[in-house]
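Chains as they are written, first to last, in our numbering: chain A, 1 to 326; chain B, 1 to 326.
It cannot be assumed that every hint is accurate.
Which copy is meant is left open, because identical chains are indistinguishable; a pair holds if it fits in one copy or across any two.
Computed list of lysine to any residue pairs in SDA-like fashion (alpha-carbon distance at most 25 Å, straight line) [stated by the list, open to error]:
1) Lys55 - Glu32
2) Lys55 - Glu35
3) Lys150 - Ser323
4) Lys303 - Glu54
5) Lys210 - Ala17
6) Lys210 - Gly22
7) Lys303 - Glu32
I should point out that these hints are in silico values taken from the structure, not numbers from a laboratory.
Here the structure is a predicted model, which is why all the values come from computation and not from measurement.
There are 2 protein chains.
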Amino acid sequence: MAVYTEVTDEALRAFLAEYDIGGLLAFRGIAEGVENSNYALRTERGDFILTLYEKRVDPAELPYFLGLMDYLAARGVPCPTPVDGRDGEALRSLCGRPAAICTFLEGVWPRRVRPEHLAPLGAELGRLHLAGLGFPVYRPNALGPGGWPKLLDGCRARGDEVSPGLIAELDRHLADMLAQWPRDGLLPDGHIHADLFPDNVFFLPDAAGKPRVSGLIDFYFACTDLLAYDVAVCLNAWCFEADGAFNVTKARALIGAYAAARPLTPEERAALPVMCRGAAIRFLLTRLYDWTHTPPGALVTRKDPLEYLRKLRFFAAAVSPESIGA
Amino acid sequence: MAVYTEVTDEALRAFLAEYDIGGLLAFRGIAEGVENSNYALRTERGDFILTLYEKRVDPAELPYFLGLMDYLAARGVPCPTPVDGRDGEALRSLCGRPAAICTFLEGVWPRRVRPEHLAPLGAELGRLHLAGLGFPVYRPNALGPGGWPKLLDGCRARGDEVSPGLIAELDRHLADMLAQWPRDGLLPDGHIHADLFPDNVFFLPDAAGKPRVSGLIDFYFACTDLLAYDVAVCLNAWCFEADGAFNVTKARALIGAYAAARPLTPEERAALPVMCRGAAIRFLLTRLYDWTHTPPGALVTRKDPLEYLRKLRFFAAAVSPESIGA
């Protein structure tokens, strides 16, 4: 479910009148997405996505997200381009919510990840990181290592209801991981997507029928952080099979294509295992928080936190960067 | 939420290979709709809607629904046209569900009904009824008067939890209504939509900026029943204001435009009040059934049954066809 705010006809028409994109031809809610309300919008000028930002998004951060998308799109990254109104502003207001229109991207996100998705993904992620280097705004990662202890504290009261002993295990993992985290300045940083799961990456077949990336969407966790951490998020999100097994072939394809686009430093390669543990605990903790704080009747699909406990254990046991494909 | 079945890439590609509609360009879940999974599908040949029929729909009835849409579309009704596969079959199977692809219709359903929507709606409903007259399949209305006593019995155990005394009041209304229901053969019958709520009707502005109907969708309650009953459904669904007041101006516009397209017999006009009570109790009963049978954690938005109790009381108190706009 991803339509939380219903947009009336009058409000929509008044909103569209602030743009130079022609008359309204179609308007449908989109099922994908969890945080915001998304509509597929067709006007006489083409197809667009209208997003109303719901309460989990801080309006003060929207200029960063929209600015980064605009910056990346102008440099060839296939991400949505925010569309300006007649007054030059992309971030507007609709039905009491911050709202923006972005370009529509063709493509299909992979419901089942195949090995041949990983190289195009890695190459595109490397290009995204390079393209973003000059974007002059800094946004700290609220869900990075500095935020994990507080997030874990928020799960402390009810976390063991999900799995007995879970909180004590996470305390150990977190202390161990933070002790090994790369010291400031050791690894290159820049603008990262930070949530590049399969449902945020669209593919289309190229001339030879191989998947190519046609779109990267949902930049609303983007931030300024270690570039290698984005690779670690993808290793978590793309390289495990349905049975929980880590697919090192996929990992090698991802890392190899990434490094061909943007070479990894030796320190980045060495740090990948601990970054993977970090990414696993980040998704584990936000899922655990949602699991223990979402009322049972809420219209939100809760995601299983224990999927990420299994990934965390795998990465914690990984003996070398090579064993995770680096 | 209207994506219950996730379609994998491989399954989708194999499914599309059974059609002659070109390669896949985009595929997004649609938020609207309650009963089935709907996807917006773009191929090299244009835009389509892919529907997977979920468990509330009886597969044996799908040929009626798809056949009726095909028949109506061929006669100029702006409804989705089922797209045949290479073998000439529109009804196929995908991910273990019956599935069909239909044409995409432009337009926007009115989130807030304005008086000027009612005449185009009425005219289109009249044309739909005339266009369907020759369709040679009969499907009884499972949610018509013959089914209401059983539906009420299904709500008996817990109905009064929603409102004290509700079941006794519905017993009285139902007995009274069935006693006044037009005897068989008195009113003309044919193929009716039976669920023509605002979210099933798309509008676009005409050259003068007035709304015109661009699409009628969701024929999965369609059946063979009294034509005037479809008008009564629309009077329930389109002619009450948010404060519960009946808007007789809207009702007159609806009925007037309907009758201009398909003249109402004197018996139909006289029977409209009891048909309106029937339509009110039908939506009240299905909502009440869902309300009392849906587990609180289910990912379904339950609709308020008492909205239709207020409508039922209004129509039961209506002294004449004129008082409801007939």
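For each hint, the structure was consulted:
1. Lys55 - Glu32: both (17 Å within a copy, 22 Å between copies)
2. Lys55 - Glu35: within (8 Å within a copy, 28 Å between copies)
3. Lys150 - Ser323: Cα proximity of Lys150 and Ser323: none, with 31 Å in one copy and 63 Å across.
4. Lys303 - Glu54: Result: close both inside a copy and across copies, 19 Å intra and 23 Å inter.
5. Lys210 - Ala17: Classified as between; 17 Å across copies, 41 Å inside a copy.
6. Lys210 - Gly22: So Lys210 and Gly22 pass the 25 Å test across copies only (17 Å; inside, 36 Å).
7. Lys303 - Glu32: Cα proximity of Lys303 and Glu32: in one copy and across copies (14 Å, 22 Å).
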